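Each chain, letter by letter, is given below.
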Amino acid sequence: MDLSFSKEDEAFRAEVRAFLEAECPSDLRGARIYDVGREGTLRWTQILYKKGWVAPSWPKEYGGTGWSPTQKYIWDEETARIGTPALNGFGLNMVGPVIYTFGTDEQKKRYLPGILSGANWWCQGYSEPGAGSDLAGVRTRAVREGDHYIVNGQKTWTTLAQYADMIFCLVRTDPNVKKQEGISFLLIDMKTPGIAVRPIITLDGGHEVNDVFLENVKVPVENRIGEENKGWTYAKFLLGHERSNIAGVARSKKSLEKLKSIARSEMAGGRPLIESPDFKRKVAELEIDLLALEFTDLRALSEAAKGKPPGPETSPLKIRGTEIQQRLTELTMEAVGYYANPFIKGGPGRNEPEIGPDYAIHSAPTYFNTRKTSIYGGTNEIQRNIIAKMVLGL
Amino acid sequence: MDLSFSKEDEAFRAEVRAFLEAECPSDLRGARIYDVGREGTLRWTQILYKKGWVAPSWPKEYGGTGWSPTQKYIWDEETARIGTPALNGFGLNMVGPVIYTFGTDEQKKRYLPGILSGANWWCQGYSEPGAGSDLAGVRTRAVREGDHYIVNGQKTWTTLAQYADMIFCLVRTDPNVKKQEGISFLLIDMKTPGIAVRPIITLDGGHEVNDVFLENVKVPVENRIGEENKGWTYAKFLLGHERSNIAGVARSKKSLEKLKSIARSEMAGGRPLIESPDFKRKVAELEIDLLALEFTDLRALSEAAKGKPPGPETSPLKIRGTEIQQRLTELTMEAVGYYANPFIKGGPGRNEPEIGPDYAIHSAPTYFNTRKTSIYGGTNEIQRNIIAKMVLGL
Amino acid sequence: MDFSFTEEQTLLRNSVARFVADNYTFEARREIVKSAEGWRPDYWKQFAELGLLAAPFAEEHGGLGGGPIETMVILEEFGRGLVVEPYLPTVVIGGAFLRHAGSAAQKEELLPQIVEGSLVTSFAFAEPQARFDLFDVRTSAKKSGGGYTLNGHKSVAIAAPMAGKLIVTARTAGGQRDAKGIGVFLVDATAKGVTLESYPTVDGLRAADVRLDNVAVGADALLGEAENGLPLVERVVDEAIAALSAEAMGVHRKMLELTLDYTKTRQQFGQPISKFQALQHRMADMFVHVEESVSMAYMVALKLDAPEAERKAAAAAAKAQLGRAGRFIGQNAIQLHGGMGMTEEMAVGHYFKRATMMNILFGDTDHHTRRFAELTQGAAA
Amino acid sequence: MDFSFTEEQTLLRNSVARFVADNYTFEARREIVKSAEGWRPDYWKQFAELGLLAAPFAEEHGGLGGGPIETMVILEEFGRGLVVEPYLPTVVIGGAFLRHAGSAAQKEELLPQIVEGSLVTSFAFAEPQARFDLFDVRTSAKKSGGGYTLNGHKSVAIAAPMAGKLIVTARTAGGQRDAKGIGVFLVDATAKGVTLESYPTVDGLRAADVRLDNVAVGADALLGEAENGLPLVERVVDEAIAALSAEAMGVHRKMLELTLDYTKTRQQFGQPISKFQALQHRMADMFVHVEESVSMAYMVALKLDAPEAERKAAAAAAKAQLGRAGRFIGQNAIQLHGGMGMTEEMAVGHYFKRATMMNILFGDTDHHTRRFAELTQGAAA
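Residue numbers (this note's numbering), protein chains in the order written: chain A, 1 to 394; chain B, 1 to 394; chain C, 1 to 381; chain D, 1 to 381.
Hints in this document: simulated from the structure, not taken from any laboratory. Quick caveat: nothing in here was measured; it's all calculated off a predicted structure. Don't take each hint at face value.
[Unchecked claim] Distance ranges between label pairs, derived from CB positions:
(1) 198/D - 114/B: 24 to 30 Å
(2) 17/C - 199/A: 31 to 37 Å
(3) 30/B - 174/D: 37 to 43 Å
(4) 18/B - 310/C: 40 to 46 Å
(5) 59/D - 6/A: 49 to 55 Å
(6) 105/A - 31/C: 54 to 60 Å
(7) 231/D - 30/A: 36 to 42 Å
(8) 59/B - 310/C: 35 to 41 Å
(9) 270/A - 231/D: 30 to 36 Å
(10) 23/C - 59/B: 49 to 55 Å
(11) 59/A - 27/D: 52 to 58 Å
(12) 18/B - 25/D: 55 to 61 Å
(13) 145/B - 27/D: 37 to 43 Å
All C-beta atoms in this analysis are idealised placements derived from N, C-alpha and C, irrespective of residue type, glycine included.
With the hints as extra help, turn the sequences into a complete structure.
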């Protein structure tokens, strides 16, 4: 057992840090995807693309970095430290790996460059109304007509579909077999006639997710990944991939630092809030939880570095990771007291005169929004089912 | 809505308090049933019996007080305040009401006086090994032979069977019908040949519960309550009765006062423990919980006073009442620090020289023992099932 | 001892409930919240007609002579409907200041305006540095001429954008965190030197930060004692907490009901999700919390006229519990609604947001738990 | 970065595990705990033969040169078996005092005795008024002649009844709660003026309150600096906490395993209770806590040689977490065992009692959470 990083890894960290400090535009640091929008995301994607660092989890041959799990871990730490904006994960972390693993040469050539460069924004067509955690219950139909499929149905919870050029979809190509067996995996151009996007406003007032309606949408057969009716295999592969960095330790550490700094400027009982025994304790409890999560994550990383694929053991990372993220946003809201209450639209620094401190402005909406983390990606109840059945054998 | 007690009730409270202060022997106050034993319990029972106050929940005609629900509530408060020892509840609160409700005149004449005077100690033969919360799964067999039943089987978790003169038992008299339908309710003399009592030592090291083995035990048919195979009806009646005072508010208030007084004498950080912000908060949270429980209990009392029988709404009282009792014992153990660790047998004041303060001696065993409260009498999980099904209609 | 409602109280509840059912559907409320004004002055007039604005006042001022139980009944039903009109700032808080400390002239002038629905008041007490300490007041009131000159910045005054009068705490003597030296002033919202920075709140109300820049008020603007206003403020805030507890009871009950309804109809893996035991137990725990909220709402209403220390402890306990319960019930209500719970289209999220903000108003669970500890752990009992 | 064990460490684990499986069945342990001595000196000799008593010491003193990971491996397996022999007081704590602060003479004399199994030590540090503050020391050490005279009362010294040497903290200068002025002394358990009031503990160990009445010790009894012993004590206690965390990891894992086994066989309402989703989710949560205990045990072992502030924070975090996790896992393990969990005949209760008492030893969750806060919330990061 050994906690230290190798000399090579430390050199790598120094290189990454220097690059990020030099190249990450200051207006993008620490900003939410809401605030930077598609334009800001693209700007940062381009910088990384030019450096060749846009796809840390991809193999070198497809334009990835070929980094080791430890290097990826260092990358996560350093990007969180500087607060780089999020990338289009649906392309880079989801459909990209599906395409280079299961796609044809033609598909690789056609789609991977746009994912890497940021030229094409992807969104995900998995969830359907009423399906919830039952992802295999796909009802969107795709009927083969010559060299096309005709797709009809509805997808929902589609994140940032309003920016998207492409959507990858699970569709039902055979309704007469077991539900997992009649699914196919299609790549669909969002400009195809028959596609309509309707915003879903979430309880924080934000527009992040959408309904996507598909009405007689014509999709070329060559846009199918792999075999017809085998889509569930690719979907499961992708879900496994989605779990990487599920704990979000580095981002939570950054949020914790921000919380402490807020608690140093807020006052309580005539003293800085951080000195109030209750708040002090709650922050300490959370930091201890985060330390435990970090080492659980490092243990998983150590297994991954030995080549062990991620399994149901990642469920505790999802549960505790999201609980900690939720608690962080809750304590941040608590810290600002009455200034959690005003509902100010837009980014920080945009209102005149100012209502409360800048850090207070999104504290309540962010808390509300973060409730989603224990729901999306398999609810925490589903994670407990997975632990009970797959890990504990109950 | 009105919180105040009537003048009559206040006069009643004064009378009760004066009586208890004058008559409750000082060596019995605040003592556990372990410490006072059968002798001490009997001494206190006799005092109440002579006063006519031994059975607050019984109707007057059978030797009860005929008190209103409010008077009973005041009685609970005042006895908790002074710390009177527990009585033999299996006689007074359980089998007594079954006998005067369903028994023959002969049975009433024969058993009620001994219950009231304390001459006969009763225990309960409900639980069986492996049955847990499934009380209707009775396997102890009673086979009719002439004017007797021959009883064979085993009962378990039988509280204080080592003191008992009598046991009331659920026995199976018809194995060929639905499990609730073939049960009878028998009163059995513990001196009958074939009965053996084996102590169960609990994890606190105490002897409170027992296994009771019945081997060819001959029980006169006249000892059966009500009809053959209708025993489940009487058992359910009794379970409803058991729920009264299930919240234990008055006793918990007393324990809370004791906890505060301990926290005033224990030191932490060079100051009394009660001034430590963490402990202060935990005590306050508990006291707030107890206040909420008290008013939930009072609301139920107000309904009872209008004649509404207790129903599944008592389940929250059981859940929160036991959680609070457990938390009280836990905080008491926490308060004493290292002196929770020594395992000193016997009552307070009996060891020479003294190890730690008197109040510390049983703090850990009491915490361990109190874990039972969320298990016995229908686990808190069963209570949640009851709420889900009977109250929420899920 | 008795926990039943009188026939009059039941009639009152029915009339409020009917108003809410008829006028405060989820869609209707969304329209109100989105509107430019953020409230329905015509509804306010209907409250006046129903006698709701008169409930707690003496008959001589046009009131109906009701007490804490009547307020509780009204606020619980308002909670169930997430009513946004400024009943708490005006009738409960403004009314209480006038009832407890108003001069005969102030009462005669202002109470009838409240009763008839022509006056809305807003309580501007919070300050950026004060967090939840009512006595931490930097805003100054300097004697000048026969009256006072006010200067300062008040945070997040609920209903200020629609108020005719602001009720402002200001320091007349002593240092920023002294208990003594606080005065309470009635200030015209349109007075010279008063600036409102108005905004909606995350739970659908309207509020403003109030800046006072050499605002001149007369001696008759003072409510109660010039240098000893804190006990008055504490009393009024405890009454506001009781009313808020009643509203919370309504909100909490509604969140449980919405969750029961949703889980009974929502199908997953071939059955309603209400059939999953883990979710059943969660809802059972929500029910236990709801029962406690009801108990605490009753408790604090019944203890408002108890001796000061008991009243304060009751309010602190109720506020601490409603914060905890609102968090547990609300977070689980969202969780059990799943993705749907995250959308603005479902009612549950709006109740959750209100429950969350109610925890902050007048001090959160931590603040009141600490306050309760100080009130109950002092000397040996 | 790597979390795997070396081959030697795995062999060590296997040998300890085999010893526990062969000699520490539930019944065998019950006999040991009930016996007059409360431990098995012959097992102690076997520990010596297996090299366990030599693990952390330098080769020149007969040791095997192991580090925190070897201690962790041994203690985890001891935790799984609820081993009661005084490994923690003797090898971990006594050994650490000698390793870090022993003079050449002290090491040469005493370390071989520990290694060969002829010396048990007990750390007598707690005092009735001190709660968990290591620096709160009333016991006095006055210079007299060439040595010191000790007076005072030490609470609940684990293993004192079987110890040859007591390691006693005493005040050489300053006031009762001063950080400076604490000395650490080696005292013969049979020295004149030493009185032990011995008793079993609720978790099956033996301990004593120690009274020191004009106990004379030589100058060579001092371990480390006479008036600056606190940093030494803190370091040793952090190492003890790391060892205790490893034991807790074993105890927590075992409680989960026992609960899984029990619920899979226990039938209720016609099926194993492990099939009830509410209980499955409870066990899933227990598993999450167990994983955290494992992570924290690794974490603190790996940070024992880190800079002082980081080491202290690591120990505080681990101790706080193991207390919380032990409580959650233990209470639920009992609950899920139902009535059977309440009996002395089931193993789970004994693990629960040990987990509960481990929370108290060297300071409970509250104490260490506060300590962690002080170490991590000081200045801007």
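Compare the structure with the hints numbered earlier in the document and write down the numbers of the violated ones, lowest to highest.
-> 1, 4, 5
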